[in-house]
Structure formats: C-alpha cells, structure tokens
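Colleague: Residues per chain, in single letters:
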Amino acid sequence: MLQQAFNGLVGGAFYALLALGLSVIFGMLRVVNFAHGSFYMLGAFGAYVLLDSLGLNFWVALVTVPLLLGAAGMLVERVFVRRLTRLDPLYGFLFTFGLALILQDAVKHRYGVQSQPYPRPSALSGSLDLGLFDYPAYQVFVLAVSLLTCAATWLILTRTRVGTIVRAATERPELTRALGIDVGRWVAPVFGFGVALAGLAGVLAAPMRAVNPLMGADLIITVFAVVVIGGLGSIFGSVTAGFAIGLITALGDLYVPALSQTLVFVVMAAVLLWRPAGLFGREEAAL
Amino acid sequence: MILSRLTARPIPLITGLLIALALPWAIYPPVALDIACWALFAAAVDLLLGHTGLLPFGHAAFWGGSAYVTGLIALHAGLPFPVAVLGGAATAALLAVPIGYLSARLRGIYFAMVTLAFAQVVYFAVNQWRGLTGGENGLQGIPRHFFGLDLSDPFFFYYAGLPLVLAGLFAAWRITRSPFGRVLTAVRDNPARAQALGYPVARYKLLAFVLSAGLSGLAGGLFAIGHGFASLDDVYWTTSGQVVMMVVLGGIGTLWGGTLGAALIVELNDYLATAGFQEIGLVTGTIFVIIVLVFRRGLWGTVHDLLPTPAPHRTPRRPASEGA
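If you're matching them up, the sequences are chains A and B in order. The C-terminal position of the first sequence is numbered 293 in our numbering, with every residue numbered one higher than the one before it. The C-terminal position of the second sequence is numbered 351 in our numbering, with every residue numbered one higher than the one before it.
Since the hints were derived computationally from the structure, they do not count as laboratory data. Warning: the hint list may mix true and false statements.
Result set (SDA-like, lysine to any residue): computed pairs, CA atoms no more than 20 Å apart in a straight line [what the hints assert, rightly or not]:
1. A:Lys114 <-> B:Leu121
2. A:Lys114 <-> B:Asn296
3. A:Lys114 <-> B:Gly303
4. A:Lys114 <-> B:Val316
5. A:Lys114 <-> B:Ile307
6. A:Lys114 <-> B:Ile314
Small disclaimer: the values here were computed from a predicted structure and weren't measured.
Chain A on its own, in the form it takes in the complex:
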C-alpha cells in the first residue's frame, strides 16, 4: 500500500513535469500544446539515439536532450506558432495536433512501433532502503529530479526578473507591453522551456518505460485532464494535480484495477461540476 503510493508519486512526477510545461506555455501563449506528448516521446528517443549511435550515456542525455528539444521548440515557436497567437487559440491547438501527427509518424517511419530497450544508468541500478521498504534507486531519482525541477521553475517565476516579466505578461500582456517591456522576446524562450520540460520527462522515462513512438499519445490526454483539474495556466495547480492524480491512479490500480485508467477522468468530471475553471484556475474557462 505504502509502496504503491510511492509508485503513484513517481507516476505523478511525470504528470507534474508535463502539466507544468503545458501550463507555462499556455499561460504565455494561450496555446494548448497538443504536441507536448510527442516532445516527451522525442525526449525518450533522443536518449535512445544518443546511446545507440553515439554511445553517450544517460547523464549526457539528461542534459543535452532537453536543451536540444528546447531549442527546437523555440524554432517551432518562431517559425510557426507565432503566426497563430493572434488568432483564436483553437488554431494553435489544431496546429500542434498536426505537428503531433507528423512527429509521431516520422519516428514510427524510422524506428517502427516496437519498443526500444534502454538500460538503467549503472549508478542507479540498485535499490534504496527507505526505512519501511526497499525501493528502486532510479525511481527515487526520478521523483527527486521532478520535484527539484518544479521547485526551480517556481523559484524562477517568483524570484527572478525574467520570471516577473513572464508572470506579468501572462496576466496582463497589453499592460506589460505598455510598461515598455518587450513581451514578444520572451515568448519563444517560454515555449522552448515548456518543450524542454517535456523532453526532460521523456529522458527520465526512457529507462523505466517502453521507448516507442506511441508512448506520448495516450499520456498527453491524461495530462490534459490533469491540467484541467489543476486549472490551466496555474503553475501550482498543475504540479499539485499532477502528483495527486499519480497517487489516485496508483491507489485506484490497487483497489479497482479495471477503472484505474478512467479514474483521472472521473476526477476531472467531478472537479468540472464543482469548479469549472479547475481547482486553482481563474474563471475565464467557464461560460
């Protein structure tokens, strides 16, 4: 039971990283990035390719892959998404949907649908004694990285000048611009940052989940539900909801295995009835 709860937190670590990225991007651009799951998948494949063809290990991948994907994300924003941000936000959603199809099938075309193996880094192959039970060291590492990343993002947003600008631009873009701050400059870095978070989650997933082109496809819909629960655009809400949903799913798996996959959507329906804007969201979502 306690061990299962810990499994839930590890699962929640992925939800939280992905939901955080989605929320940061949505806050600044008003775009729901459907391709977020594909960037997660690319993160895992990036780690696989670095190891398989260049012999670069997990630790190198953990740093370089998110950076590369972040740069790619900035490029995508500059070249494509920028053209859509002034339109109805639905177009951004539709564009990234098309992008997700392209990325997914491009990887499928190259590597096929079968899962690629990826070994655990040797330093984390053992298990840790957590007092009550032994737990795989790698899973503890994932949880720690996720928590640290979420905390770091929080600190950047609340304690630095860049973070203040991003928050201001999220809340009142026109007013921020009127104060002489070049909001446009920060849009691409924010998009890239969100994509990099997805990539980081992907690299972390490579040693413990199957690396295949479809790994992000179903996950992204669960993450959508997570951000709806937490409140789209709310950083705190996304992270909290991510870990909470991880826990609920894992415990649901223990007691009602047939329903574990749908549990998150049931929670979402309940939250919608009670608070249409999500637990920590602003009211703009509702009619």
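For chain A, the structure is supplied; the task is to place chain B on it using the hints.
Modeller: Just chain B now, kept in the frame of chain A:
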C-alpha cells in the same frame, strides 16, 4: 417553405445529388461509402465547430460508440440495418447528454480538451469490456440485414445507405437554417449577449452537442455496417482529430466544405494505404499544418470567395478575432 428554399438554389443541390449518386461508378464503392459516412460526420462536427463556436475533439466517442451499438444490434437482434444504425445514433445522442452537460459549461480550448478526455473514457470502456466488444479484435462479422435483400455487394449497399446519409445531411442543413440555428450563431458570436437577450446559452449548446452527436452516431453506425466490423480505431482520439481535420480542410462553418474535406482525406488515406505507406499521419499532419497556417478558410471558403456572387444568407465565418 422548406421546399421553396431548397429550390431557390437548384443547381448546386442537383449537382451535389448527382455526384452522390454517381460516386460508386467513379470510384471503388466501399471508398464511396466511406466518403459518404465521413461527410455526414464532418457536417455533424461543423454544426458545433462552425455554427456554435465549439471545437469538439472527442466525437470519436459518438461515431465509434454508435458503431459498436449498431454492430451489437445487427449481430444479436437481427434487425434491418437502418434500425440498427438508428439505434446506434440514438445511443450516441443519449451518451452525449452527460458529456455535453459537463463540457458545455466550458468554452474554447477547455471544451476541446474536456471532450477529448471524456472520449478517452469511452475508449477505455470499450477496450475493457471485452466480452461485449471483443476488445482489441473489435466486433467482427456485423451482418447487413435488410428484409431478405442481398446487400453484400458494396455497390448496392452504397445506395441502400445513401438515404440515411442524405437525411442526416439534410437535418444538419435544416438545423443551421432554423431559428434554433440562428440562436446558435448568436451563441458563437457573442455568448454574453445571447445570454443577456434571454437565451439559455448552456442549454442551447447542450442541445447542439446532442444533435451533433446523434448525427455522428448515424454516420458511425452506417460505417460499421458498411465495413462489417467495429474496431477500437473508431473510438480512438485519432478519429476525433481526423474529422476535425476534414472540417478545417473543407472550411469551418461552410457545412458542405466538410464533404469536400472528407472526400479528399478518405481518398488520400485509401491511396496511401494501397501504396503500402503506413505512416499516414506524416502526410495528413503536413496538410493539416499547412491549412491551419496559410489556408484557414479551407477549400470551400476559398472557392466561395472566388465566386462572383456571394450567397444571400451566408453567415460570417467563425474566427471573428482573425487578424485583430
């Protein structure tokens, strides 16, 4: 009244009917039926996307849900196929009531995400309920009963199914031209004002959602009968995405544009599948991205702009904020 409106523009109407009737001569008949089904599905989605201003991203739940129910009715009750299809459509409409009730409280992107999430629940449910749905194998060997007539030839089945599609398309067209449809347009363009004028906006959205789901169910049920099986693909989110793609490709809010989009995408899928190309998303995704980036009015909208005389009662298209 209805007839006079129909006959007011006879040439496009007659052309459309002739094309629909001639289709299985021109192309492989099963593909013709696919086009007809997807065309109705696209019109049903456009009812929400183009005429109510809601992007439904989970309509696979209704298309696929109906495909399974239709299949089960045809398999176990042995009823004529139109009855089975109507049963599937009714189930889809019924399923849309709780989903619509929860989603119609939201707008814009939230609506899209939430409908997507609920459709995923339907997908999981179908996948889990193996005894009934066959799980990953799908529902196979769905018969085409029709009062003892032999409809196994897809060429004849196309004509047997076409009236259902035409009836559905007619219903969609009628809805957009009805007073109810006018209120939906108002809801799309300015929900706050529609509410202030005394229209219960949430209820209108819900009704539009249920009608759209019912028509999607009609299309999905016929699709299942036509193929003789219902599969998990029918309820998967790629199906929801594909129909939205058809609508956007044809032109949001044009109703008939979706037919064009459906014909193109189905033909393209068929062509690529025949050529042995598996990764269809590479091609359709690219087309979709280009359409969204540079060609947002869609094919029908673009062609319509080129025609010299604009139609008298065409409503403004939905992206009001475009270029703002």
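Colleague: All the hints need checking, so say for each whether the structure fits it.
Modeller: Here is what the structure says about each hint:
A hinted pair counts as satisfied when its Cα atoms are at most 20 Å apart, and A:Lys114 with B:Leu121 does not qualify at roughly 37 Å. A C-alpha spacing of about 17 Å is found between A:Lys114 and B:Asn296, which places the hinted pair at or below 20 Å, so the restraint holds. Distance hint between A:Lys114 and B:Gly303 is fulfilled; the C-alpha atoms sit about 14 Å from each other, no more than 20 Å. Restraint check for A:Lys114 and B:Val316: satisfied, since their Cα atoms lie roughly 19 Å apart, inside the 20 Å limit.
Distance hint between A:Lys114 and B:Ile307 is fulfilled; the C-alpha atoms sit about 11 Å from each other, no more than 20 Å. Using a Cα cut-off of 20 Å, the hinted pair A:Lys114 and B:Ile314 holds, with the two alpha carbons roughly 18 Å apart.
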